[in-house]
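Engineer: Read off the chains here:
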Amino acid sequence: MELLANLTHGFDVAVTPINLLYCLFGVTLGTLIGVLPGIGPAATLAMLLPMTFSLSPITSLIMLAGIYYGSQYGGSTTAILVNLPGEASSAVTTLDGYQMARQGRAGAALGVAAIGSFVAGTVATLLLAVFAPPLSKVALSFGSPEYFSLMVFGLIGAVVLASGSLLKAIGMVLLGLATGLVGPDIETGNQRFTFGAENLYDGINVVIVAMGLFAFAEIVLNLDHTEERRSYTKDVHGLLPSLEDLRRIVNPVLRGTTIGSFLGVLPGGGPLLAAFAAYTVEKKVASDPSRFGRGAIEGAAAPESANNAGAQTSFIPLLTLGIPTTATMALMLGAMTMQGINPGPQVVSKSPDLFWGMIASMWLGNAMLVVLNLPMIGIWVRLLTVPYRLLYPAILLFCCIGLTSLDNRAFDLYLGAAFGFAGYVLLKLGCEPAPFLLGFILGPSMEENLRRALVLSRGDFAVLVEQPISAAFLLAAAALLVAVIVPAVRKRREEAFHE
Amino acid sequence: MIKAPQDFWAGLLFVAAGLFVLIAGRDYPVGTASRMAIGYFPNVLGWALCVIGGLIAIRALMVHGASAPRFALRPLLPLVAVAAFGCLLQPAGLVVATIALIVVSNFGSDRFRPLDALGLTLVLVPFNWIVFVWALGLPLPVFPWT
Numbered sequence: 268m269e270l271l272a273n274l275t276h277g278f279d280v281a282v283t284p285i286n287l288l289y290c291l292f293g294v295t296l297g298t299l300i301g302v303l304p305g306i307g308p309a310a311t312l313a314m315l316l317p318m319t320f321s322l323s324p325i326t327s328l329i330m331l332a333g334i335y336y337g338s339q340y341g342g343s344t345t346a347i348l349v350n351l352p353g354e355a356s357s358a359v360t361t362l363d364g365y366q367m368a369r370q371g372r373a374g375a376a377l378g379v380a381a382i383g384s385f386v387a388g389t390v391a392t393l394l395l396a397v398f399a400p401p402l403s404k405v406a407l408s409f410g411s412p413e414y415f416s417l418m419v420f421g422l423i424g425a426v427v428l429a430s431g432s433l434l435k436a437i438g439m440v441l442l443g444l445a446t447g448l449v450g451p452d453i454e455t456g457n458q459r460f461t462f463g464a465e466n467l468y469d470g471i472n473v474v475i476v477a478m479g480l481f482a483f484a485e486i487v488l489n490l491d492h493t494e495e496r497r498s499y500t501k502d503v504h505g506l507l508p509s510l511e512d513l514r515r516i517v518n519p520v521l522r523g524t525t526i527g528s529f530l531g532v533l534p535g536g537g538p539l540l541a542a543f544a545a546y547t548v549e550k551k552v553a554s555d556p557s558r559f560g561r562g563a564i565e566g567a568a569a570p571e572s573a574n575n576a577g578a579q580t581s582f583i584p585l586l587t588l589g590i591p592t593t594a595t596m597a598l599m600l601g602a603m604t605m606q607g608i609n610p611g612p613q614v615v616s617k618s619p620d621l622f623w624g625m626i627a628s629m630w631l632g633n634a635m636l637v638v639l640n641l642p643m644i645g646i647w648v649r650l651l652t653v654p655y656r657l658l659y660p661a662i663l664l665f666c667c668i669g670l671t672s673l674d675n676r677a678f679d680l681y682l683g684a685a686f687g688f689a690g691y692v693l694l695k696l697g698c699e700p701a702p703f704l705l706g707f708i709l710g711p712s713m714e715e716n717l718r719r720a721l722v723l724s725r726g727d728f729a730v731l732v733e734q735p736i737s738a739a740f741l742l743a744a745a746a747l748l749v750a751v752i753v754p755a756v757r758k759r760r761e762e763a764f765h766e
Numbered sequence: 026m027i028k029a030p031q032d033f034w035a036g037l038l039f040v041a042a043g044l045f046v047l048i049a050g051r052d053y054p055v056g057t058a059s060r061m062a063i064g065y066f067p068n069v070l071g072w073a074l075c076v077i078g079g080l081i082a083i084r085a086l087m088v089h090g091a092s093a094p095r096f097a098l099r100p101l102l103p104l105v106a107v108a109a110f111g112c113l114l115q116p117a118g119l120v121v122a123t124i125a126l127i128v129v130s131n132f133g134s135d136r137f138r139p140l141d142a143l144g145l146t147l148v149l150v151p152f153n154w155i156v157f158v159w160a161l162g163l164p165l166p167v168f169p170w171t
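Here the protein sequences come in this chain order: A and B.
If you want this note's numbering, it's the 1-based position in the first sequence plus 267.
If you want this note's numbering, it's the 1-based position in the second sequence plus 25.
Looking at chain A on its own, in the form it has when it is part of the complex (with noise of 0.2 Å):
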């Protein structure tokens, strides 16, 4: 058994005293910023990524990524609780969870997400493992039509399964594939959109994008919300489900596991489409349907294991095509390049250290998630309870440290906050920022391999679509296109997305 090798080798990276105390150090960050409204996983990314620097690829990864699902389970304590969502793939959650914890479930209802999310990890993380190598070794055989092709279609997709507006998210791909041109052109290394500023010459760090698109705009859109955030404390007794509530929820998480990794492959898709996509289906499933949205334990059970199915499978079109579909995922990218890791197919092959020591700490870090974070939910309520006023200054100043480690200039901190002035204009326009990190990130190597195989195609087109494989993105693309744009089907679109 080759994989179980595999496995075998990854817990063997995994475990050294470090990576577990990175990893732990990551699912509990993870978990903290999941509980926060307001503070996200992209944000937390951009925020640490500099200091990863000092550690090992590996190491680092194995933290980056724990912060990622570790957000996941913190979510939906927060959305069991107080009833908003933490993190915005617990929305959904706050439907019946809230009722649940209103009729004094509580305990029950993060007891089960907790336990749904562990079951979706164990599986997704499984799925990873078995099917990213076969998948990279297709990749490897990519060329630049293929992989030009690869990128429409997971911008395309990004733009048709995320929510609001089709063309304005087009718009925003386009913008950010514009921003990633400023810097040296890649073949002939002139400067390009730089405005003779020097700072700009090595392009703009995607640290500095993402922190301000995702962390300063954020701040600024939630003190322009004037609303007070509601917190309160509840007490939470009887962690455990019940034997029939085990029972109920088998189905659920399993249907809920299986959506969510599909759909976290998907470019765009990730744990928020999946948890949506669960909840709908629960409710079409069920034999009763009215149970939902008062406190039906299905509806809390089956988005949790979906969202932390679709945090764990995001990884596979990162680990194997070095193609990042959600934005936390575009900051992974980041942090691979940043350590000298060329995402791509290659890493499954050539880094077996890094690839199968993530998978392993990645079920790891599910399993230190449930064990520790069941007992200590109670400190993760007080935390609810700090005033918003109060945690803002300090997310500032920690994206100012982040941003300073990067290169130690005054200059990323002023492009930091322009990025986030951008960013809150763009929110408030109804713009989503997650398609320009997309096209930011992807911009770069779009326009390499879209180059290249012009060149050898002698400047003919016809050769995207005489590939085949690059004919079947570019028709794929083509056909989500088509699918939204159909009426119907737009409809379908915004029903799920306003559950």
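Just to be clear, a hint being listed does not mean it is correct.
Partial selection, computed: residues in chain B whose CB lies under 8 Å from chain A [unchecked claim]:
1. Phe39
2. Pro67
3. Asn68
4. Leu74
5. Gly78
6. Leu114
7. Ile127
8. Asp141
Beyond 10 Å from chain B on every Cβ pair, some chain A residues (computed) [as the list claims (entries may be wrong)]:
9. Gln370
10. Thr389
11. Val397
12. Leu448
13. Ser509
14. Val517
15. Leu664
16. Gly697
Among the chain A residues that face chain B by a calculated CB cut under 7 Å, a handful are [as the list claims (entries may be wrong)]:
17. Phe320
18. Leu322
19. Lys404
20. Gly431
21. Leu433
22. Leu434
23. Asn457
24. Pro660
25. Ile668
26. Ser672
27. Leu673
28. Leu723
Just so you know, the hints here were simulated from the structure itself, not pulled from any lab data.
From the three backbone atoms N, C-alpha and C, an ideal C-beta is built for every residue, glycine too.
Following the hints, put chain B in place on chain A, whose structure we already have.
Structural biologist: Chain B only, in chain A's frame:
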């Protein structure tokens, strides 16, 4: 006339960004499809931004949608605080920069709360020092004289 002001302004913003790319990149050689020069991709992006932005704006004239957002200045103060931190850190050190960041960003909520600022300073300044300078060893100047 304008039925979806939010979309309308968003569209104009994209058009403006597209024009900016086209104008700022007007001197870059475009080359041909087989030998793309540095201006080719920016040129395509600039035009695409104009087209998408135009579509959004035109659609906003025909289909009803969200009203224009109202922008406030006060919530922008945290961004000023970030810039202040950046500009103070090297000359004045971490302590001064942190205090400046806390005070300026504090004005960003509904009103200035001196007690909050004091409490945050007392917690965050030592925390920074211990975690970032002492434990993580980041090369940050702490005091104006260091």
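Engineer: Does each hint fit the structure? Answer for all of them.
Structural biologist: So, going through the hints one by one against the coordinates:
The beta carbon of B/Phe39 is positioned within 8 Å of a beta carbon in chain A (closest approach about 4 Å), and the interface hint is therefore held. Contact between B/Pro67 and chain A, as hinted, is supported at the beta carbon level, the nearest pair being about 5 Å apart and thus within 8 Å. Annotation: B/Asn68 was flagged as interfacial toward chain A, and the flag is violated, the nearest CB pair being 11 Å apart, outside 8 Å. The restraint placing B/Leu74 at the interface with chain A holds, with a minimum CB-CB distance near 5 Å, inside the 8 Å limit.
Against a cut-off of 8 Å between C-beta atoms, the interface hint on B/Gly78 holds, since the closest Cβ of chain A lies about 6 Å away. Taking 8 Å as the C-beta cut-off, the interface hint given for B/Leu114 holds, the closest approach to chain A being about 6 Å. The interface hint given for B/Ile127 is met, as the beta carbon of that residue sits about 5 Å from the closest beta carbon of chain A, less than 8 Å. Residue-level restraint check for B/Asp141 holds (minimum Cβ-Cβ distance to chain A is 6 Å; threshold 8 Å).
At the 10 Å boundary, the C-beta of A/Gln370 stays outside the reach of chain B, the nearest C-beta of that chain being 35 Å off. The claim that A/Thr389 lies off the interface holds: its Cβ sits roughly 33 Å from the closest Cβ of chain B, which is beyond the 10 Å cut-off. For A/Val397, the shortest C-beta to C-beta distance to chain B comes to about 38 Å, beyond the 10 Å cut-off, and the non-interface label holds. Not every CB of chain B is more than 10 Å from the CB of A/Leu448 (nearest about 5 Å), against its label as outside the interface.
No Cβ of chain B comes within 10 Å of the Cβ of A/Ser509; the nearest lies about 42 Å off, and the non-interface call holds. For A/Val517, the requirement that its beta carbon stay farther than 10 Å from each beta carbon of chain B is met, with the minimum near 43 Å. Distance to chain B contradicts A/Leu664 as a non-interface residue, since its nearest Cβ pair spans about 6 Å, not more than 10 Å. A beta-carbon of chain B comes within 10 Å of the beta-carbon of A/Gly697; the shortest separation is about 5 Å.
Hint on A/Phe320 is violated. Least Cβ distance to chain B is approximately 10 Å, over the 7 Å limit. The interface hint given for A/Leu322 is violated, since its Cβ lies 11 Å from the closest Cβ of chain B, which is over the 7 Å cut-off. Look at A/Lys404: its Cβ only gets to about 31 Å from chain B, farther than 7 Å, so that hint breaks. Given hint, A/Gly431 at the interface with chain B, is violated; its Cβ is 11 Å from that chain's nearest Cβ, farther than 7 Å.
Interface hint at A/Leu433: violated, since its Cβ lies 10 Å from the closest Cβ of chain B, which is beyond the 7 Å cut-off. Because the smallest distance between the Cβ of A/Leu434 and any Cβ of chain B comes to about 5 Å, under 7 Å, the interface hint for this residue holds. A hinted interface residue such as A/Asn457 counts as satisfied when its beta carbon comes closer than 7 Å to some beta carbon of chain B; here the least separation is about 5 Å, so the hint holds. Because the beta carbon of A/Pro660 sits about 5 Å from the nearest beta carbon in chain B, less than 7 Å, this interface hint is met.
Residue-level restraint check for A/Ile668 holds (minimum Cβ-Cβ distance to chain B is 6 Å; threshold 7 Å). Taking 7 Å as the C-beta cut-off, the interface hint given for A/Ser672 holds, the closest approach to chain B being about 5 Å. At its closest, the beta carbon of A/Leu673 sits 11 Å from a beta carbon of chain B; the interface hint therefore is violated under the 7 Å criterion. Proximity of A/Leu723 to chain B is violated relative to the hint, the smallest CB-CB distance being about 9 Å (cut-off 7 Å).
Hints 3, 12, 15, 16, 17, 18, 19, 20, 21, 27, 28, counting from the list given before, are not met by this structure.
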